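Engineer: Protein chains in written order, with the working numbering: chain A, 1 to 297; chain B, 1 to 297.
Don't read these hints as lab results, they were simulated from the structure.
Don't take each hint at face value.
Here are the simulated DSSO-like cross-link-like pairs (lysine-lysine), alpha carbons at most 27 Å apart as the crow flies [said to hold, decoys possible]:
#, chain 1, residue 1, chain 2, residue 2
1, A, Lys29, B, Lys88
2, B, Lys287, B, Lys40
3, B, Lys287, A, Lys88
Bear in mind the structure is a predicted one, so any value in this text is a computation, not a measurement.
Letter by letter, the chains look like this.
There are 2 protein chains.
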Amino acid sequence: MLEKVELLMYNYIKDVDSYAIALYNHIPKGKRLRAKLVLKISGDSIESQKLAAIIELIHAASLLHDDVIDEAKTRRGTPSINATYDSKTAVMLGDILYSKAYLELNNFSPFIAKSISDAVTKLSVGEMLDVEFSKEIQLDEAKYFDMIYKKTAVLIEATAATAASLANKDSQKFALYGKNLGLAFQIIDDVLDITADEKTLGKPALADFKEGKTTLPYIYLFESLNSDDKKKLLTLYKKELTDDERIWLKGKMQESGAVIKSIEVAVKLGKEALQAIAEYKNEALEKVIKDMIEREF
Amino acid sequence: MLEKVELLMYNYIKDVDSYAIALYNHIPKGKRLRAKLVLKISGDSIESQKLAAIIELIHAASLLHDDVIDEAKTRRGTPSINATYDSKTAVMLGDILYSKAYLELNNFSPFIAKSISDAVTKLSVGEMLDVEFSKEIQLDEAKYFDMIYKKTAVLIEATAATAASLANKDSQKFALYGKNLGLAFQIIDDVLDITADEKTLGKPALADFKEGKTTLPYIYLFESLNSDDKKKLLTLYKKELTDDERIWLKGKMQESGAVIKSIEVAVKLGKEALQAIAEYKNEALEKVIKDMIEREF
């Protein structure tokens, strides 16, 4: 099933330009979570495959631009396009992927076209908020949720909602499933940055706070600390930690309950996601949530 | 009329995000050629103003990304967003403008949405071709026309065609008008780089060839030179010219007829544009072409 989506993506870009397809072939493929969701929700029709291909092109475009914005040198363990070529190549290729995806989106219903377009607008704002919030410590829980909703959850929400609409299922219920899946996925990613080791992560541990990202566990930790420890935590922001500081931070994260509280939020969101689509008894979609919740911390 | 378009553009971005609108206010406004075309073709209705605003947002987004790609420090005589802030801000803001424009485009007919989306895909490819062709000398006239069509003419073509469709006029005729206007406009811009002085241009003269851009006059010049002069011209590619070289180049451009031949192509395209919409007796649109043709060289 996924091979057909890959082929569609390839052919969409090949249609556009021969230079573009040569570059496209260098983009690391990724898990194709969004394509899998579409196929699991709306089945293996050609329409379903096309929608999956369009959404994955949009996701790939957003990652190309994110890597320019974050000056990321790697993506999924391989060098990013901006590192292999340069930033301008990544910007151009991203623009081509975005615009071709929008062009193809015109062949779908107004609901689908609007849902995806609206998600991309929020996604672009999400990246901007992420950068904005990395300038100084950001301890507002509501702002954190707004940012991860836009940066991560909104496209998954639109993916599930539009796939449901394609299959004449209740798009609002699937939207809730997708939104909660995306939020929970991001929270767990943020927790793993604290609890997992470098080997498991495939990237340095405790990297978020150093890069200026105040994720949910840090917000909960700050709330729970006494004023001396609060001051100490603030001094660690954007800092390369010593071994002692790493041990202190990881210890406080556990003893304060900040990690477990964050995991509980993700689990609650996951359960709401399962509830939203319970009537459809879709085992594949239930497994996506269960696998996420049951990851090891 | 144009003030209403400006207000719509502002409100579209204000709707999206408060950070985005603060940045948006720093984008230099430009001539709004595309907005003027829309209003001149389809009148001053609210639909017409909205289409104009959407197209200008797309144009502004493409310039934001172009300036990142070209590492341009100025835009319309003022510092570019990538120079004032940084590349990533320009990429993010461009993504927001593009995506909001696409979102609003969903409120128009499928013909309009598809025409504009298709143009943006070609526009993105055009920028890629422009970069690609700047790597080594590019003396193929057909490739030059393909590149300037995509980089400059395609969005003006789509602007005229969609505005015509909004007003129930013949969109094919207006498409030809817009396409030829765009092509002629770019050719004349490329001629002025050779014939005008720095003061008139507001940027260094003879900059294109130095930046690796082999424009139409250079293609015609090369064709007309003897083999010794061909060799000499090739040595000047991407080079900072001495005064003697500048005089030699400008002299050859005039005596070979390369400049006049390029202008004649632009004039011919302009006349075809006038012919295409002659039946509409639209003086404002005729003036756009005439003003362009009658610029001083």
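Engineer: Given the proposed pairing of B/Lys287 with A/Lys88, does the C-alpha separation stay at or below 27 Å?
Structural biologist: Violated - the C-alpha atoms of A/Lys88 and B/Lys287 are around 37 Å apart, more than 27 Å.
Engineer: Take a quick look at whether B/Lys287 and B/Lys40 sit within 27 Å of each other, Cα to Cα.
Structural biologist: 11 Å, holds
Engineer: Hint check: A/Lys29 vs B/Lys88, CA-CA at most 27 Å. Holds or violated?
Structural biologist: Given that 27 Å is the threshold and the Cα spacing comes to 24 Å, the pair holds.
Against the hints set out earlier in the document, a violation occurs for number 3 only.
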